[in-house]
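Required output: the full structure, derived from the provided sequences and hints.
Just so you know, the protein sequences line up as chains A and B, in that order.
Heads up: the first sequence is residues 1 to 201, going by the numbering used here.
Heads up: the second sequence is residues 1 to 241, going by the numbering used here.
Keep in mind that the hints were calculated from the coordinates and are not lab data.
Among the hints, a few may not be true.
Unchecked claim - Derived BS3-like pairs: lysine-lysine, alpha-carbon spacing no greater than 30 Å straight-line:
#, chain 1, residue 1, chain 2, residue 2
1, A, Lys-173, B, Lys-119
2, B, Lys-119, A, Lys-168
3, B, Lys-44, A, Lys-173
4, A, Lys-51, B, Lys-92
5, B, Lys-214, B, Lys-197
Said to hold, decoys possible - The following label-pair restraints were derived from C-beta to C-beta distances:
#, chain 1, residue 1, chain 2, residue 2, range
6, A, Asn-106, B, Arg-162, 36 to 44 Å
7, B, Phe-32, A, Lys-41, 34 to 42 Å
8, B, Phe-32, A, Ser-28, 40 to 48 Å
9, A, Arg-195, B, Ser-71, 33 to 41 Å
10, B, Glu-213, A, Leu-188, 15 to 23 Å
11, A, Asp-78, B, Gln-199, 28 to 36 Å
12, A, Thr-162, B, Gln-118, 32 to 40 Å
13, B, Glu-148, A, Arg-71, 41 to 49 Å
Where is the CB? At the ideal position from N, CA and C, for every residue including glycine.
If you want the building blocks of each chain, they are given just below.
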Amino acid sequence: MGKTKKVVVVSDAFLLTAGIENLILELSGMLVDHVFDGSEKRLSEKIISKKPEFVIIDPECIKEILIPILRELSEESDIIVIGIVTKVTSQNIVSRFSHTLDKENNKFQLIECLQKIVGNQSDPLEDNEPTISKRETEILQNLALGLTNQEVADKLFLSVHTVMTHRKKITRKLGIKSISGLTVYALLNNIVDIREVERSV
Amino acid sequence: MLLEKQMKLADVIHHDYNLVPVINRFGIVLGFGDGSIESICNNKNIDIDFFLTILNAFHDPQLLDKEFLQSFSARLLIDYLRKTHNYYLAHKIPEIECLIVEMASESSDKKRSYELLQKFFEEYKNELIKHIDREETRVYPYVIELEEAIQNNSVSESLILRSNEYSITSYEEEHDNVEEKLTDLKNIIIKYLPPSKNQKNRFKLLKELTVLEKDLVDHARIEDLILVPKVELLEKSLTNN
Ligand SMILES: [Fe+2]
Ligand SMILES: [Fe+2]
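Take a look at the structure:
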């Protein structure tokens, strides 16, 4: 089995959520990481921070904010958004999802459908251990030395945006988000030297 | 499994022993006998509905009964939250600290790695203490004052002023940071710490961190999903008065 794939379910209807969870458990290597708990504040940010490969949304539960959320999710190129639809869901909504699951389908149909969606996605990280690139190592090194995103950008002649993108990738590969956590990683792997870090603090 | 008042508390703990620290917060310690939840609560003067709701939410996050929990007084909620803070600061954090120190002292070749871990945890601890301190000295007293003022119909100008100043919503972000660092730490231990022969302490450490993480998530959820909306309601009734 390759890497576990994370699914975030956005629904406040318990029966539906439990059903989806049950369905996902049928597929190997899938993990339901988080279930929407009713707080709509910064919902898309919350979803993204879970770093899911897939997001399954019940459009019914977030009616008013569905469109902005889908827009924000679509900016994350790595996330595949799946909508729960029925015969009566308006075409306008159905067309906004890259994939859909039909609420009225039976379990076999749903599994098949889900497998297709999951299998379609080719993940370069799939089997081999994620290693960080030369550039990323360089950026990690500077971050560990206490430089801010802006300072790293200036030093390496990059835009802040590029530095942030690299940082996101580093976090994704390593599973470490905080600067102090990244520093520990850099020290453990001799990407920086403890004396350098201490000097810079 | 939905926990109900006629169940024996001992059976509940057999079913989910992670609830032990939760019942401790209500003053129930192991050796509590063979009584039902109801009888034990009655003996200890514990609000049984509140106790059960908290227990169920911890046992199965999907059983969090938001509306019902919000109906309890802020004082009761805060009392529970404060006891939870105490469990972190007086027990869990020192336990984990001790464990890391022990690991560092036992190993000569991996000493450096453990010292890094220790430093990271120290930083994490200070962040957590700061967060908790802000809640206990500013947020909670304000909420209790707010509730009392509304109950007694004695809303002062200064309270209204303060209600405009505070932003209860900045809360959630800090919770995310606290959880994030713990995840980082777990990942470092699981994936990146150079392997050593003494797996026993590492396993213990991982377990303690996982227990703390679950507890913190539950705690933050009560603050974000119960306390904050409750305060927002109170504030609304303040401006309506
Ligand atoms: Fe708290
Ligand atoms: Fe908190």
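Hints versus structure:
1. Restraint check for A/Lys-173 and B/Lys-119: the C-alpha separation of about 23 Å stays at or below 30 Å, so the hint holds.
2. Distance hint between B/Lys-119 and A/Lys-168 is fulfilled; the C-alpha atoms sit about 24 Å from each other, no more than 30 Å.
3. Distance hint between B/Lys-44 and A/Lys-173 is unfulfilled; the C-alpha atoms sit about 50 Å from each other, more than 30 Å.
4. Restraint check for A/Lys-51 and B/Lys-92: satisfied, since their Cα atoms lie roughly 28 Å apart, inside the 30 Å limit.
5. Taking the CA atoms of B/Lys-214 and B/Lys-197, the gap is near 28 Å; set against the 30 Å cutoff, the hint holds.
6. Distance hint check for A/Asn-106 and B/Arg-162: the Cβ-Cβ separation is about 57 Å, which falls outside the suggested range of 36 to 44 Å.
7. Taking the beta carbon of each, B/Phe-32 and A/Lys-41 are about 39 Å apart, inside 34 to 42 Å as hinted.
8. The beta-carbon spacing between B/Phe-32 and A/Ser-28, approximately 42 Å, falls within the hinted interval of 40 to 48 Å.
9. Between A/Arg-195 and B/Ser-71 the Cβ separation comes to about 58 Å, which falls outside the hinted range of 33 to 41 Å.
10. A C-beta distance of roughly 21 Å is found between B/Glu-213 and A/Leu-188, which places it inside the suggested range of 15 to 23 Å.
11. Between A/Asp-78 and B/Gln-199, the C-beta spacing of about 34 Å keeps the proposed range 28 to 36 Å intact.
12. The hint said 32 to 40 Å for the Cβ distance between A/Thr-162 and B/Gln-118, and at roughly 34 Å that hint holds.
13. The hinted window of 41 to 49 Å between B/Glu-148 and A/Arg-71 holds, with their beta carbons roughly 44 Å apart.
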